Amino acid sequence: MTPRMKLLILWLACLTVAGVAAQAPPQPPSADSILKKIDENQVAGSRITVYEMTIRGRRGSRTMKAKSWVQGVDRAFTEYLEPAREAGTKMLKLGDQLWTFSPSTDRTIQIAGHMLRQSVMGSDMSYEDMMEDPKLQNLYNATVVGDGTLLERPCWILELKAKPGAAPSYDSRKVWVDKERFLPLKEERYATSGKLLKTTEIKSVRQYQQRWVAERAVFVDALKNDGGTDFVVTSVEFDAKIPDHVFSQAALRK
Amino acid sequence: MIPFLIKGLVRDRTRSLFPAITVIAGVVLTVFLQTYLKGINSNMSDASAAFSTGHLKLVSRAAAKEGEQASNELAVNKVAALLEQVRQQFPQLLWTPRIRFGGLIDIPDDKGLTRAQAPIFGFGVDLLRADSVDRQVMHIERSIVRGRLPSARNEVLISDGLANQLGIGPGTVATLISTTMFGSMSTSNFTIAGTVNFGVRAMDRGAMIADIGDLQTGLDMEDSAGEILGLFRDSLYHRAEADAVADAFNARWTKGDDEFSPTALTMHGQPGVSELMDYIGIVTGGIIAVFAIVMSIVLWNAGLIGGLRRYGEVGLRLAFGEDKGRLYRGMLIEAVTIGLFGSIVGTILALLPAYWLQVHGWDLGYLFANSSLMLNNVIRTEITPVAFVIGFIPGLVANVVGTAIAGIGIYKRQTASLMKELEA
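Just so you know, the protein sequences line up as chains R and B, in that order.
Positions 1 to 254 (the numbering used here) are the ones given, in order, by the first sequence.
Positions 1 to 424 (the numbering used here) are the ones given, in order, by the second sequence.
Source of the hints: derived by calculation from the structure; they are not laboratory data.
Treat each hint with caution, since some may be false.
[What the hints assert, rightly or not] To give a feel for the contact side, a few chain B residues facing chain R, derived at Cβ under 10 Å:
1) 110
2) 113
3) 259
[To be verified] When the alpha-carbon atoms are kept at most 25 Å apart in a straight line, the in silico DSS-like pairs for lysine-lysine are as follows:
4) 203/R to 174/R
5) 224/R to 65/B
6) 186/R to 203/R
7) 179/R to 161/R
8) 241/R to 90/R
9) 195/R to 65/B
10) 254/R to 111/B
11) 161/R to 36/R
12) 241/R to 65/R
13) 224/R to 179/R
14) 111/B to 90/R
15) 135/R to 203/R
[Said to hold, decoys possible] Chain R stretches covered by chain B per the calculated footprint, using a threshold of three residues with CB under 8 Å from any CB of chain B:
16) 50–58
17) 100–110
18) 116–122
Quick caveat: nothing in here was measured; it's all calculated off a predicted structure.
Virtual Cβ for every residue (Gly too), placed ideally from N, Cα, C.
I would like the entire structure built from these sequences, with the hints used as guidance.
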């Protein structure tokens, strides 16, 4: 065999390997790296959000508007702006403690114990959902179990299982994550028994300051016999400077 | 003849004392047991009617479907108009709206921050009006331990045990954190006017009694109520009449296509209550029947033995030529006399302690420490007309039947062989 012939065979072999490699499905990134990218997209140094919640109950639906200031994973302050009955109600989260202020009673009340499992303002979200560490990496071990398409976007399907000692509100979750934007587009949250407790479905997304945000989502408490809660983000500002006094009990009464 | 026989009974204690004591003992046990079990039965249904089920209850169809788990989201609307209508259409019942709620009671410190908290459940009832049905059927006034009845808006009563646990009393301002009819969080400030002890463990663990008007405002339930209770004016549950009222109400008011239209539930038609009431009725009736039968057998045997014990005496009297029929009738009259005497004395002896227990009661609260049953801690007997006659079944009937069977032997004995029997 001439050197020219050897070179030709080697070239053909390389072409064949490259062709096979090009046809093989892409290997998923590790589940941990997906979780890391989800957290990077979702958790900012600070965030100011204005949103509307439409709660669909058996007697009809009602919409409330709120503004929240969040710093890191430990500090959050929410003020309800509308409707008139809820306007002026405020909530403060500092670490694992939660207080609420009601202008009608002029009282600051700590929400603790079983009250944390209650619904926030009648929605399909609980205080525990609000209180939980938003960094999934801190709470769950993940496994990639497949892929699919949601909102015409290719997704990884992840199964999350609570890390020993982390004790999150939900023992396990199944999450559909956008392969490029690393934004969860659908979530199912389960109890230890395997019973489905909550579902979240993103209906539209929007980019704010290089971060992808769920612009419209529907939360459904599977244990409630209602139509779920629509969550619509009106505006988001990431890494805004928030004065320290916002995250104080004094701010509740202002 | 009868005075002669009675004189004989009085003078010959071997013929009267033992049989009479046996009859009295049997009758006392039967009558007392009947009043005691009747008392337990009524206790359970009375407490349940007053606090929970009513004799009839009007709720929305959706709430009826969800039973005890129904939230105030499924409340009945336009209550004022509905109340006016049912009060006109069914005047044999007292109608009263109620709101049940759950939540947290929060006690502030001097800076207005949380000092103490406890889970609480309670009732919104008609508390402020002097002629309130609820004040009457829940015995609210006599249940007050400290303080007084609420007399103004936003005054409440809470259970004395919970007040002690939280270290509060009359005059303390507390905040109720609960849920509105539409699912929102609600907070309302109340002043504790007094503390109560209903003697119903399920209530005394941590209940709040508030005026329904205050709760309608606080829980965003204007002109709404979780339920409207109907209670018969004589306080007794009339099952057939309750069925008739429920049928008439449902025919007029319940609409199949509206899950919030009201529907009437009878006490025995409410989930869990029917089975419980039937079970208690069967068990108590069964116990009384079995006991009465056992006592009848005992006293029947006493009558038989009494007859057989006098075998020699009967033989002698026959040998002297006494007529068999007259002798048999005499024994029956004696048995009737002892049976009547024993039944009357036994019934009186049973009714005396039963009456005392009906008035004073027997506090068994320690047995119901963790019970969620609507059962009064103080068990009372209940004397009904049945108590005056039930003792006569074993005391009179069984005793006479026993004697009658034993006495049949008189007719089988041959006069010719009597002397030989007596010699033997």
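Now the hints, each set against the structure:
no., hint, verdict
1, 110, "violated (13 Å)"
2, 113, "holds (6 Å)"
3, 259, "holds (8 Å)"
4, 203/R to 174/R, "holds (17 Å)"
5, 224/R to 65/B, "holds (15 Å)"
6, 186/R to 203/R, "holds (9 Å)"
7, 179/R to 161/R, "holds (20 Å)"
8, 241/R to 90/R, "holds (20 Å)"
9, 195/R to 65/B, "holds (23 Å)"
10, 254/R to 111/B, "holds (15 Å)"
11, 161/R to 36/R, "holds (15 Å)"
12, 241/R to 65/R, "holds (22 Å)"
13, 224/R to 179/R, "violated (32 Å)"
14, 111/B to 90/R, "holds (18 Å)"
15, 135/R to 203/R, "holds (22 Å)"
16, 50–58, "holds (count 3)"
17, 100–110, "holds (count 9)"
18, 116–122, "holds (count 5)"
In summary, the numbered hints that this structure violates are 1 and 13.
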